[in-house]
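K.L.:
So the chains spell out like this:
Number of protein chains: 2
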Amino acid sequence: MKKDDRKILLAHGSGGNLTRKLIEEVFAEAFRNELLAPLNDQAIFKLPHEKLAFTTDSYVVKPIFFPGGDIGKLSICGTINDLAVGGAEPVYLSASFIIEEGLPLDELKKIVASMARTANDSGVKIVTGDTKVVERGKGDKLFINTAGIGIVRDSVDLSPAAIRPGDVIIVSGTIGDHGIAIMTHREGIQMDVPVDSDCAPLHNLTSDMLNAADGIKAMRDPTRGGLATVLNEFASACGFSMNIREDDVPVREAVKGACEILGFDPLYLANEGKLVAVASKESAEKILLAMKKNPLGKDAAIIGEVKAEPKGKVLLETSIGNRRILDMLSGEQLPRIC
Amino acid sequence: MKKDDRKILLAHGSGGNLTRKLIEEVFAEAFRNELLAPLNDQAIFKLPHEKLAFTTDSYVVKPIFFPGGDIGKLSICGTINDLAVGGAEPVYLSASFIIEEGLPLDELKKIVASMARTANDSGVKIVTGDTKVVERGKGDKLFINTAGIGIVRDSVDLSPAAIRPGDVIIVSGTIGDHGIAIMTHREGIQMDVPVDSDCAPLHNLTSDMLNAADGIKAMRDPTRGGLATVLNEFASACGFSMNIREDDVPVREAVKGACEILGFDPLYLANEGKLVAVASKESAEKILLAMKKNPLGKDAAIIGEVKAEPKGKVLLETSIGNRRILDMLSGEQLPRIC
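Protein chains in written order, with the numbering used here: chain R, 1 to 338; chain L, 1001 to 1338.
Treat the hints as calculated values from the structure; they're not laboratory data. Note that this is a predicted model, so its numbers are computed, not measured. Beta carbons are placed, not taken as given, at the ideal position from N, Cα and C, and that holds for glycine. One should not assume that every hint holds.
Claimed, not checked - Partial selection, computed: residues in chain R whose CB lies under 8 Å from chain L:
#1 T55
#2 D130
#3 G137
#4 S159
#5 R224
#6 C259
#7 I261
#8 L262
#9 G263
#10 N322
#11 I325
Unchecked claim - Stretches of chain L that chain R covers, calculated by requiring three or more beta carbons in the stretch to come under 8 Å of a beta carbon on chain R:
#12 1012 to 1025
#13 1043 to 1054
#14 1075 to 1085
#15 1104 to 1117
#16 1218 to 1225
#17 1324 to 1334
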């Protein structure tokens, strides 16, 4: 890409000539597809007559470039993943930008290229969008919102309310990578083994899982608040107890080390390329096998079971054999992680 | 509503307990519907098997409360309107909040109540959402993104590329109200006759128009950049000339007066409850009649015609009989108007 020294001006958000040029040169060019091309205020399309999933997330991660990704890649993966864990095949995304005046145009182009690459690799299209510019000091470089539409097969009906005692809890890989990657990069902490964000689109993994067996009750991607928060959401929704074994939860050594030094608990750290699933006991091995065959699920593991008691709670069996309740966090562990 | 002295904390964006409480007490309570209620990361639903419209906009208007509306009402109307002018009946919206730490919870609640009221009055449901919090000084009180899905009847197929010489140009009412309302309020300018924003959902008006006759070629809502910008977009898309008569464009006296004092041109001012349509000559009277029967179209007027020349340009015939080209603006007239 040729170096571009221009910066974003307030006028890029005016709706006039500069907005038009920015849209045509940066967004429409990178996201090119036949639905976006007319640059109307809405995209119009037909979809198969099945259930649709609809989701949205705004991304305010700081910094906007980090090891393993950037806010653009994150904004595509995160919304794909919210569709995927609902059992949907992601199809169309919207992309809306709130840019702080002064953002180097080159940085915006890099992020847009990263979005385009991630969307393209994932088989989803960015079909509609919006651009706003706020004054210097009224934003923070770049916030991105993506909304997404996916198609859910009629046979798929996931809900944490369907979770029952005896079901097993599966996690798709090592936890805490995204949280530690952002944190150490943000704070300039040097690590012997640097940790990259796990930021990745999970729809092929969820598709493999849904194809492998019928017993999946619920899936969720443990982003902000991490594994412990998702398990608490599941426990609240079904009224039963999520019991997990600390030793069975996959955590990279480097993440463990960083957590010990910095005083974080990996169970609460954000992930951007992992999912937690609850499935019937009979289906669990088939699902696990299918996950392990997918590169994004190679470290998948059964980490616990659903029990009747304690109702609505998450129970952790620690490495030394103690049991303790894992609550939701009340404070903020790491702001602006996604 | 009981006075609430709490302020938004960073921890409200943590994904933990405070996020959950904020979602349950503020958003889920106000937007209550069966698709949002499970508070999953995605809403799942069936829609009739017709064409769908999908759109998104981020709202960064400043100030967040203004005469005639607030950022919440605007965020619902704006996205409804982007669907409506595509010929769609709006059905489901997403709502995503980027909140600056320190925002009084009471202001957030007022805005959310305004969104809920507008959505409810418009027959649309907010079915999925997201909340992020950024540090003080890294945002500006509140940015809202809404994305929307609407249903387009199979018989409807609007596109500015279908505009032809001989077609007529219709505007649905007085222009410039939103721009002047925001501007005068922001700058503390006292006006003899205060102007309220025209912020309103236009889907019933567009439905009336589509029911009245078949000849509508294209519709667009003239927000940022105003009427002149939309006409330029139409002219570029079809390659013909949009010719309008200054005297036929409805502008409130108060808006005219404010424009004269402040040096603005109403043709470039933002509107949030108006639309511009181009229709075949034969259908124009029927459409205009249908518009005038709707309160949001009572001041509708035919303001000009499409001509073959000058190709791709907008031509204004002024009150004193001169003709001049109306270009797109290259600079920023009023930042953060929507």
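K.L.:
When the nearest CB of chain L is found for N322/R, is that gap smaller than 8 Å?
P.N.:
Where the cut-off is 8 Å and the nearest Cβ of chain L is about 23 Å from N322/R, the hint is violated.
K.L.:
At a threshold of 8 Å, is the proposed contact between G263/R and chain L supported by beta-carbon distances?
P.N.:
Since the shortest Cβ distance to chain L is 16 Å, the answer is violated.
K.L.:
In terms of beta carbon proximity below 8 Å, does the region 1104 to 1117 of chain L have 3 or more residues touching chain R?
P.N.:
Our answer is that it is violated, as 0 residues pass the Cβ test (under 8 Å) against chain R, missing three.
K.L.:
Quick check: do three or more residues in the region 1218 to 1225 of chain L have a beta carbon closer than 8 Å to a beta carbon of chain R?
P.N.:
holds (count 5)
K.L.:
The region 1043 to 1054 of chain L covered by chain R? Criterion: 3 or more residues, Cβ-Cβ distance below 8 Å.
P.N.:
It holds, with 11 qualifying residues against the three required.
K.L.:
Just to be careful: measuring from the Cβ of S159/R to every Cβ in chain L, is the smallest value less than 8 Å?
P.N.:
S159/R check passes; min Cβ-Cβ to chain L is 7 Å, inside 8 Å.
K.L.:
Taking the least C-beta to C-beta distance, is G137/R closer than 8 Å to chain L?
P.N.:
holds (7 Å)
K.L.:
Verify this for me: three or more residues of the region 1324 to 1334 of chain L with a beta carbon less than 8 Å from a beta carbon of chain R.
P.N.:
That given contact holds, which follows from 7 residues of the region 1324 to 1334 of chain L lying within Cβ reach (below 8 Å) of chain R.
K.L.:
Should the hint that I325/R touches chain L count as held when the rule is a Cβ pair under 8 Å?
P.N.:
Since the shortest Cβ distance to chain L is 14 Å, the answer is violated.
K.L.:
For the restraint on D130/R, tell me whether the closest CB of chain L is nearer than 8 Å.
P.N.:
holds (5 Å)
K.L.:
Hint check: is the beta carbon of C259/R less than 8 Å from a beta carbon of chain L?
P.N.:
violated (17 Å)
K.L.:
For the hint on L262/R, just tell me whether its beta-carbon gets within less than 8 Å of chain L.
P.N.:
It is violated, given that the least Cβ distance between L262/R and chain L is near 17 Å, above 8 Å.
Checked against the numbered hints above, the structure violates hints 6, 7, 8, 9, 10, 11, 15; every other hint is satisfied.
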